[in-house]
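Undergrad: If you want the building blocks of each chain, they are given just below.
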Amino acid sequence: MSERLVMTGGTVVDQHGERRLDVRIADGCVVETGPSLVVDPSVEQQLDVSGCIVGPGFVDLHTHLREPGMTEAETIESGSKAAARGGYTAVVAMPNTDPTQDCVEVVKFVRQRGIEVGLCDVRPSGSITVGRAGESLTPFAELAAVGVHLFTDDGSGVQDDGLMRRALEYAGELGLVLAQHCEVASLTRGAVMHEGECCSHLGLPGWPALAEELMVHRDIELVRLTGSPVHLLHLSTARSVELVRAAKADGLPVTAEATPHHISLTDESLRAFDARFKVNPPLRTMADVEAVRGGLADGTIDAIATDHAPHPSRAKERPLDEAPPGMLGLETSLGVARSVLGLGWQQLFALLSWQPATIAGLGEVHGRPVAVGEPAHLVVIDQNAEWSVDPMQLASLSTNTPYVGMTLQSRVRHTIFHGRPVVIDGMVNA
Amino acid sequence: MTERRHFRSIDEVGIDSIRRLLDVTDHMAEVSRRPNPKVPALRGRTICNLFFEDSTRTRMSFDTAAKRLSADTMTLAVGSSSVNKGESLRDTVETLSAMGVDAFVIRHRTAGTPWQIAEWTNAAIVNAGDGWHAHPTQALLDAYTIRTRLGGATSFDGLSVAIVGDVRHSRVARSVTQILTMLGADVRLVAPRTLLPPVPMAPSSHDLDDVVGDVDVLYLLRMQSERMGTGLVPGGTEYTDRFALTPARARRLRRDAMVMHPGPMNRGVEITVDPSTLGQSLILDQVTNGIAARMAVLFDLLGSSGTLEDGSNV
Numbered sequence: 018m019s020e021r022l023v024m025t026g027g028t029v030v031d032q033h034g035e036r037r038l039d040v041r042i043a044d045g046c047v048v049e050t051g052p053s054l055v056v057d058p059s060v061e062q063q064l065d066v067s068g069c070i071v072g073p074g075f076v077d078l079h080t081h082l083r084e085p086g087m088t089e090a091e092t093i094e095s096g097s098k099a100a101a102r103g104g105y106t107a108v109v110a111m112p113n114t115d116p117t118q119d120c121v122e123v124v125k126f127v128r129q130r131g132i133e134v135g136l137c138d139v140r141p142s143g144s145i146t147v148g149r150a151g152e153s154l155t156p157f158a159e160l161a162a163v164g165v166h167l168f169t170d171d172g173s174g175v176q177d178d179g180l181m182r183r184a185l186e187y188a189g190e191l192g193l194v195l196a197q198h199c200e201v202a203s204l205t206r207g208a209v210m211h212e213g214e215c216c217s218h219l220g221l222p223g224w225p226a227l228a229e230e231l232m233v234h235r236d237i238e239l240v241r242l243t244g245s246p247v248h249l250l251h252l253s254t255a256r257s258v259e260l261v262r263a264a265k266a267d268g269l270p271v272t273a274e275a276t277p278h279h280i281s282l283t284d285e286s287l288r289a290f291d292a293r294f295k296v297n298p299p300l301r302t303m304a305d306v307e308a309v310r311g312g313l314a315d316g317t318i319d320a321i322a323t324d325h326a327p328h329p330s331r332a333k334e335r336p337l338d339e340a341p342p343g344m345l346g347l348e349t350s351l352g353v354a355r356s357v358l359g360l361g362w363q364q365l366f367a368l369l370s371w372q373p374a375t376i377a378g379l380g381e382v383h384g385r386p387v388a389v390g391e392p393a394h395l396v397v398i399d400q401n402a403e404w405s406v407d408p409m410q411l412a413s414l415s416t417n418t419p420y421v422g423m424t425l426q427s428r429v430r431h432t433i434f435h436g437r438p439v440v441i442d443g444m445v446n447a
Numbered sequence: 011m012t013e014r015r016h017f018r019s020i021d022e023v024g025i026d027s028i029r030r031l032l033d034v035t036d037h038m039a040e041v042s043r044r045p046n047p048k049v050p051a052l053r054g055r056t057i058c059n060l061f062f063e064d065s066t067r068t069r070m071s072f073d074t075a076a077k078r079l080s081a082d083t084m085t086l087a088v089g090s091s092s093v094n095k096g097e098s099l100r101d102t103v104e105t106l107s108a109m110g111v112d113a114f115v116i117r118h119r120t121a122g123t124p125w126q127i128a129e130w131t132n133a134a135i136v137n138a139g140d141g142w143h144a145h146p147t148q149a150l151l152d153a154y155t156i157r158t159r160l161g162g163a164t165s166f167d168g169l170s171v172a173i174v175g176d177v178r179h180s181r182v183a184r185s186v187t188q189i190l191t192m193l194g195a196d197v198r199l200v201a202p203r204t205l206l207p208p209v210p211m212a213p214s215s216h217d218l219d220d221v222v223g224d225v226d227v228l229y230l231l232r233m234q235s236e237r238m239g240t241g242l243v244p245g246g247t248e249y250t251d252r253f254a255l256t257p258a259r260a261r262r263l264r265r266d267a268m269v270m271h272p273g274p275m276n277r278g279v280e281i282t283v284d285p286s287t288l289g290q291s292l293i294l295d296q297v298t299n300g301i302a303a304r305m306a307v308l309f310d311l312l313g314s315s316g317t318l319e320d321g322s323n324v
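Residue numbers (the working numbering), protein chains in the order written: chain C, 18 to 447; chain L, 11 to 324.
In short, the hints are calculated from the structure, not lab data.
Chain C side only, calculated, beta carbon under 7 Å to chain L, not exhaustive:
#1 Leu219
#2 Gly220
#3 Gly223
#4 Phe290
#5 Glu334
#6 Pro336
Partial selection, computed: residues in chain C whose CB lies under 10 Å from chain L:
#7 Val209
#8 Cys216
#9 Pro225
#10 Leu287
#11 Ala289
#12 Asp291
Pairwise CB distance ranges, derived in the manner of DEER restraints:
#13 L:Gly194 / C:Gln176: 42 to 50 Å
#14 C:Ser330 / L:Thr85: 23 to 31 Å
#15 L:Asp251 / C:Gly244: 52 to 60 Å
#16 L:Arg277 / C:Asp178: 42 to 50 Å
Using N, Cα and C, we set each Cβ at its ideal position, and we do this for glycine too.
In isolation and in its complexed conformation, chain L is listed as follows (with noise of 0.2 Å):
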């Protein structure tokens, strides 16, 4: 029996799955454009959303991935399970594993969790973003979005992008570093010393006039408003002046960068000028291609080939 495969972290799945699955990508992308998007693939497995966490937006996506599928989902959220009544984790997880799961969707609050919960089930753990630690499909979703607008390029050689926020708190910031430095970008990190890890995973700046105008790929990061004014920045306008992107900045950009932000945004804090007025602006095909991702992480997990056809066709 092959080791049960998960989808955790982007340095675990590793670059020729990357590379494998932003192709699959490609072809549930190509599947979400037909009338009717959905495909038997998954038809009869059961996907369970485990949210410990709030997160609207990354469960709708995965929950309508799974659909477009066919698969069966169950979602669960922390503030209507038992978690809350003493359960603890393993007996929630081996509950629902109990209950014929063949994949968990996992988002939690703290790092490492989708490991932890590995050990407790048979069922393929997709890690929907765990702590500060990782957000892998966001970072496929990042990687495909951007592989689109270069033409379906397989190299990002010679790529630069700027993430700019809050990188030490971030998910996202640490597994998008990790795929566009994996597919060759050069990837530069642009925060204040007290927002980025102790060690940092790439070259850092905290200048982001200083690489606005150079960049082909901004990527602005959330920042929780709860942060300022704390230790870490100073509370007013300083981070917004110091680091969101402005008209003025806006401005500066290259007519063909592009600008990227994983959402919710934080309007009037990381960016003060209206995406939908910005040529440069990907924010909605990220939402779009993440349901592509996502089916493609599924599909890889779960599915088995031949199966990607159109439904009305079965």
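So that you can see chain C by itself, here it is in the shape it has in the complex (with noise of 0.2 Å):
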């Protein structure tokens, strides 16, 4: 593979705005930009990209990569492959492994592992308890040595209140930043589904708006006490995003992602008892979807992320109760953006690319505008493809996108990495 690339005829879009520009790539950097460059076949590989748009590679804070321990699902490796594909230059892997991401040893492993697979920067976050138990402090310190930025233990919230401020205490002078799953567990035990009118119907236990908004609320209040920035996952309700707008409103340092499927989907999905529609938090009303998409568009709410969460077939083949909560997201989620949104590109590629990129401290190296020097993680997108979901063509080892016969618009066409080509026209470039 040629280390000289070059890409013409595209838009790039970055944080300077949006125009007509051909981008050099040597050496896993932009060297050289301009309306109209000279190409050296012998060189250099030239990439027409025609009416393609050219932008910073996108950063997931919320990926399930599920290795350690659950490979039957994903691996790093299939995980990044399906990330390279979404247009993904770096993801934030989460650290509900098995065993979890709480000590160096763990970390290292998924951090080596995703240099060795070499289709994405995959960053583990550290958990922020000891086995996400709720209990006793990860070592913050030793983790972040190893180049740890974000710590949550998603899959549940952290329950205890005082174990909460000491955390974001003892994170904040170490410049790192917690990052909460908004769930009051003794509100939504045994839940399967959001409360309201159609879990009544079918009978499931319901899932409050508010066990995640009483959360929200508390972790501001925690974050107004110690100046401590909270980074808060997966925002579902009309009254989370209220609360966040608010918090901004009053200069705290908070931010907040929503995923793909909390601007696309309903609980009503749930009607045919079809467990890959099963999410933690879970799908909830139209409402709800329409508040969380104006907190996208407002600025409320700073990143979409995944949440992709790989599960077998076979566990989600289970009962509802007994199903495991989650969907894939990582190579649908431009798609859904795209569709259902209707933001411009500079504002989609910020919520994709350098708003997450800086929450996951990595800010330095990705989302970076499309500049002479910077660092060449990019992404080119097929504006006008529309595309139907197949959940057999997907690279993840697992099938459970809610998206399976749906048409998307948009489409990555190229993903760059390092300088190198990891996806060409949509395929992964091993």
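Two independent chains are provided; combine them into the complex using the hints.
TA: Dropping the structure here:
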């Protein structure tokens, strides 16, 4: 593979706006940009990206790669392929592996395995508490020393108010960010889906919006008390969005993300009792969907994050109360966001690339402007593509996408990682 | 090929089919009253009772219904199956399907399993109760029992019904509310807020004394004693004091009221009066009609016309 690459005919989108530019890449960096670069085919590869959007690669704040421990569902290799095909050049790997990413050994393993696979930057997060048990703090400084920036007990929220306060105080002075899965467990015991009209009708135990909002509120107040930043994972309710909007208006260091599924699907999806639509937090009402979209549009919510959560089909075929929550997201996030949000490219890139990069502590490397001297982590998007989701065609080892048969707009065509096209025309170039 | 029909919930089946099934139930009740209550309608058909949750009564009712229609039956109750040995629901269903099953009668503790199972088999699915969600044959037999008492009325317009007790956890309450509402009745739920669904499917009240003297139908639900003394309702006699059919409340019932219960009764909890002394009780009629209603459902899904003659004539 040539180390030199020129992309011609594309429209570049980044922090500086949107303009027609060719981009020359060498040695992993952008070395030249201009309206019509001359290509020397003897020393460099040309990618004709006419009509396409070229921008900084996406950064996912919320990916479950399942390795170590649950490699039937996904591996760092298969998840990296899915990420690359989805346009991601960096993913934050959630810590609910087995064993948990709560110690240097496991974190190093994940990071190292990501480097070996070499398709995107795999950045392990650490758990806030040992074993995600909600009792004692993980060694934040030790983990920070091996590159961990984001800490979360994702899958469950830190229930103990006092412990969360101490965790914020301790992490804050180290410059680290705690990310919260907001769910007050005592309100969601046995819950399968959103608490409302639909769950009442279906006879499934409900997960009330309040269970999320109470913890959003608590964490905002803990941020006010401690001054340490918090990142709120996968906001799903209208009131959560309002709470974050108010916190930001108060100048608090609170950031938030929303998933593609919480802006595209509602609890009505469960009416056919298909466990592919079981997810945590659950799909909510149309009013919530619209509020979350509004939060993304007005900047209240900083990032679109996938919560890519692979599960083998045999797990999703269990009765709804036993089936694990979660759905695939990496390969469909752009298409879903493009299809439902109606945002311009620059705003979409802000939500998918440079804003999450900053939250993940990767802002010096990922989500950079397409400019000379910057690392060449880029995505090329066929903006007019319309495609139908076929679970068997996804790179993920699992097939639990909720978008089967759905038509999405825009598709990742190429992904450039460290100057190397790791995806060409939608295919992983291993 | 037309899509395989199932009987999984009242709202899925719809009002037209419900009316037809009530008529077929009437026919099956007539069959059941014959000296030889057996017809060859489903001879050669195989019905599998797949019960993942204990239910002697419903299982026996379905089994009897199938036998009166001359179907072959097999029964898998979870305690005796490989389901406990790690075999998945899907594997179990596919294995049984491969033995040649025309219909599965399914009882499961989790809402929705009849829909999941339908994806893995070509057999018809009859929902014999899924979690808190639906128990449509119970609803059908209840509607039939009321209709019979009303002299065969095809509409329940103006009929006032109170469903009393643990509505939240009751598939019976959901299905009965649906079918009676569909047929025109005014259904009211009587329960403490803690035992109602988050969004109740009908108007509700927490005062049984307020309604007991007015209703045409008093439908009592089973209250599981293990739910009392939890975060849902206080222990002791408070639930019984507030929501049971006591002798005092029984005296206030209208003479032409109907008292119903899906069984099994929790005597001393939701009912402290002896129903056999209660002229208004239809509780045993419900049991009898249950067989006819289930015959109607099985025949509707698997039978062909012209096979309901007396077996001795065939």
